[in-house]
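Read top to bottom, the protein sequences are chains U and R. In terms of our numbering, the first sequence has 231 at position 231, counting the first letter as 1, and numbering is strictly consecutive. In terms of our numbering, the second sequence has 557 at position 61, counting the first letter as 1, and numbering is strictly consecutive.
Dumping the calculated BS3-like pairs for lysine-lysine here, alpha-carbon to alpha-carbon at most 25 Å:
1) R/564 - U/488
2) R/565 - U/163
3) R/578 - R/617
4) U/163 - R/570
5) R/564 - U/163
For each label pair, taking beta carbons as the anchor points, the in silico distance ranges come out as:
6) U/341 - R/521: 29 to 39 Å
7) R/618 - U/224: 12 to 22 Å
8) U/129 - R/499: 47 to 57 Å
9) U/140 - R/564: 54 to 64 Å
10) U/470 - R/628: 53 to 63 Å
11) R/564 - U/163: 18 to 28 Å
12) R/635 - U/350: 23 to 33 Å
13) R/562 - U/129: 51 to 61 Å
Think of the hints as simulated: they come from the structure by calculation, not from any bench. For glycine and all other residues, C-beta sits at the position ideal for the given N, C-alpha and C.
The primary structure of each chain is shown beneath.
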Amino acid sequence: MFSNLMQGLMSVFSNPMVFLLMIFGVVSGITIGALPGLTSTMAMAVLLPVTFGMEAKMSFALLLSVYCGAIYGGSITAILINTPGTPSAAATTFDGYALAQRGQAGKALATSTLSSSIGGVISVLLLITIAPILAKFTLRFAAPEFFALAVFGLSIIASISNKNIVKGLMAGFFGLIIASIGLDPISAIPRFTFGRTELLSGVAFIPLMVGLFALPQCFVEMESMFKEKTILKGVHSKLINFKEFLSILPTIIKSALMGAFIGAVPGAGGDIAAFTAYNEAKRNAKKDERFGTGELKGIAAPEAANNASTGGAMIPLLSLAVPGDSNTAVLLGGLIIMGLQPGPLLFTQQSDIVNSIFAIMLLANIFMGIIGLAGIRFFVKALSVPKQIIVPVVLTLSVVGSYSMNNSIFDVFVTIVFGIIGYLMLKADVIVSPIVLAVILGPMAETNYRRALIMFDGDMSFLYNRPITVVFLALAIFTIVSSLFKQKLFKRGVSR
Amino acid sequence: MARINIIVALFFILFAALVLVLSAGIPVSESQPLTMGTPMFPRMLSYGIIVLSTILIATNFHEARTEKKEDRKKMFEPGNLKMVGIGLLILFLSVVLMVFLGFIIAMVAMNVAFLFYFKVKNKVVLIVEPIVAPLLIYFMFQNVLNIPLPSGLLFY
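Chain R with its partners taken away, still in its complex shape (with noise of 0.2 Å):
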């Protein structure tokens, strides 16, 4: 776990980086002298940040420098990493899909989709599910609660 933590640590301190850059570019108006200031509160976390990062490599770095190959714990398993992009893959793809065709069918879609990738092999569940669930979803929001859902740039 040492090495993962070290990372993690390093990932925090660019972070931080990150929002000290961008704060240097916030306005302060002069009529805040009392109130610290619009960026100072990010900045101030930013610091935190740091500090604490620096402490768990601080807190971690003797373990891992003498942690044993078999011993380190792994952040992913093979293949974890792939399954679990192909199914980010499939959800983003169904958003931007709903932008244009709307939700009922970008979610059949995605449902379909990702009963393939799961390998079921079930036909009755093949059918029934990607339409059951998107229209008793849609029917819910839109009908019962009036929430609109979209209806698709191809279909406005």
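Just chain U, same shape as in the assembly (with noise of 0.2 Å):
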């Protein structure tokens, strides 16, 4: 196991550029973060495009220290003025804003970046030893396994729609349909083409992202743009002492483990392990200890858990390429333009690039703790860059992003129909993630399951005869049924 990570150091310690590049997307990612409506997807998608030149080392170095850093960013406005940059940072607004009121903010800001760095670190050690072992196992896969695992995979929409799964299944099936545009992968039978070339190989994956991601998210501050002002406050205090950080490092711990695993869960992203750990720490205070008022474990738990959920939700993606969230979408797109396919093969076919992003994260998380405490006064100017010079910005990366993929003008068309339909669907109360869920697994789905057919001369009864198949397809509807007894008790919460 540390052998992997060893060599994975050395390949990443042997390029320069590997290491310039992670300072710039942690940096990036903490800004970015801390901007409350931009999200890490947001920034990953955005950041893809720029990838498209460089080495696969040096792509994953940008994508994974943006994901690690935007994570930890959202903390910072969730401390300092009360609204978390990312969702992932709900939970710690209820302490980090209340020692922020105290006169107290450099020390939870301190304690956010410790608690995030040390839960990331944590939980790329349990990648390392958890994933190679899951992807040996998934070298026993054929057809029927792999269209199962996909079935799972798009159950995970049910999970991520918690608010109202049916809108969430709705969705996904419009994300599968947008899938089967383009050649079909048995037969290559044109289907909703319209005589476009450009739609032979399908809707491109940048150009629909950064339309769902990136531009609904712009019109939204487009609708706010003259009506509310943030006020920000200043960081004037001390940070945390070494006898506080002994007290909260247990917490740390146990959060980051709690949220890895939670991590590792598809559908269950950082913000459910933040609220998690949040719960749990709570649940064992002392009877000094006030949650709520500025308990500095208050902060520790959720940051620890959400940074630990990004090594979490590498796991499925690496070996069973399965996203665990709309992140690590981003990052199951962005390995797939680079031509590796994730899963089994990419642990024995490419293990220079796996143990490359073991040590990525590892280097990631480190450097996001060193650049966090270092810079917590410099972040915080990056609120007060108004949204008015920020869109424009984005938007003119939307189009270059959107374009770079094929140098295709409709590419960018593409993107801004997708623009409509995210900030209608957004409207509307219906999310975006479960289409580029199906978008992703919607192929993988269907030429799996034409191929098996092909494999069975026609027979059906590999769903029901092959225990792997089997087991997915339970775990597929035990996500779902799940899932919707979720989302009954919270209605009844609600009501009551």
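Once you've looked at the hints, go ahead and assemble the two chains, each given alone in its own frame, into the complex.
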């Protein structure tokens, strides 16, 4: 296990450009994550086209650093202005903002930085241990198993659309239809191409993603542009001392382990991990610890857990090619664009890439801690950049990003179309992540189902007489049913 | 929200119907009986959307009928659609302009238009941002990453 990590570290250390990209990625991630409304997914979607001309190692250095940095960056606004930069930082507002209100914003930010960094490192160590074992197991997979795995991946749509599962599933089906545009994977007959050669290979993934994530966010910012102004508070206090750090260390370790395991469950992202860890820390609180009033453990628990979920989410992505959340869905897109196929073959045929990913994630989390502590005052300044400037820059990046994939203006118009669809969906309270998940997993599901039918002469018994297939299909049913149950509980709670 | 859900369901049904109509025109080769055929997958998905939309309508119908007018959630606040519409128009025209005038001119124009639209009054920002941002992005893509950006039909 550690020999793989050492190989990865050697490979990363041999290229100074990887280092520079990691620092750039962490800084950009923290800055974007700190800006309310701009999510880690959007940051990665916008930066993905920038990685086209790079070798795989450099691309991952940028994308993974942005991923880790943005999850941490969300806590800065959560602590300073009670507005979580990303959903994962929502639980940090409870004690982080309360501590900042008491004039100890520096202490709150330092606690969040250290917890995030340590949480991330612990999750990477878990990733290194578990992912290769899982990948070896998947070497036994054939078409029926891959079909069942894709169905299991698609069932995650139910758990990520907790507010309204039916609407989430509708978005997923819409995404599957979008995924069917282009040449039929088995017979190469064109579907819904309207005579356009640009559509023969399907709707390009990057323009679709930039359209669904970046543009609607810009449109929403336009709506509020003439209304709100955010008041910024300064950071005027000491950082955390060693004794305080030692007192929160057990909470960090426990929350990190919890976060990594929750992150590894597809569909359960950093926000669920953070709330669960906060709840657990609160449940185990001593008498003198008052959660909700600026308790350090109340900041450490959610922050360690949400950053630990990043390493956790990479476990199913690398070993099963199933993205755990929308961030890893973007990473999966990045892997595919680079010509890499996650899963067992990635571990056997391109182990150097896997080792580099491990090393990059480990180093990104360490850099995040160092940069975070050193730049607490500097990052806060990013919050004062007006949205009037940020929106045109993001739109310019979106145009160039969608164009550069195939050097095609057609793709830019695809981005605009999906931007409008994404905005309307946002307004109608329909989440767009299922579309991305469906566009990624749809072709895998259709191709393998039809291949399995050919393998078994049209007999569908492979759905119930192959153990791994049965397990994945049962897991898919369980995911949907448990999500429906959770939604019912949630609605009952709201009505009470 | 109930009324919005019903409108969403109706739009999805329309989309599914369109897919069903279009899939009728997809040819089926005779060698595909085992693999369901090319149009089968989108057709199954369209039926799925229709079923889910019907469930959404059924579960929201009663609430939509009994919902008081003042409790109804609006999809768009007054004026928001206009703001976004103008922004979208600026974006669309800039992309069209990019085809003829190339990336730099079109994106500088787009940034200037957005800054004026957002009522930015600071002259330094009005001059520096629209020039620096597109040029920096152009330099990064064109020179560092070797990804060619459109130079425009007029300057080809």
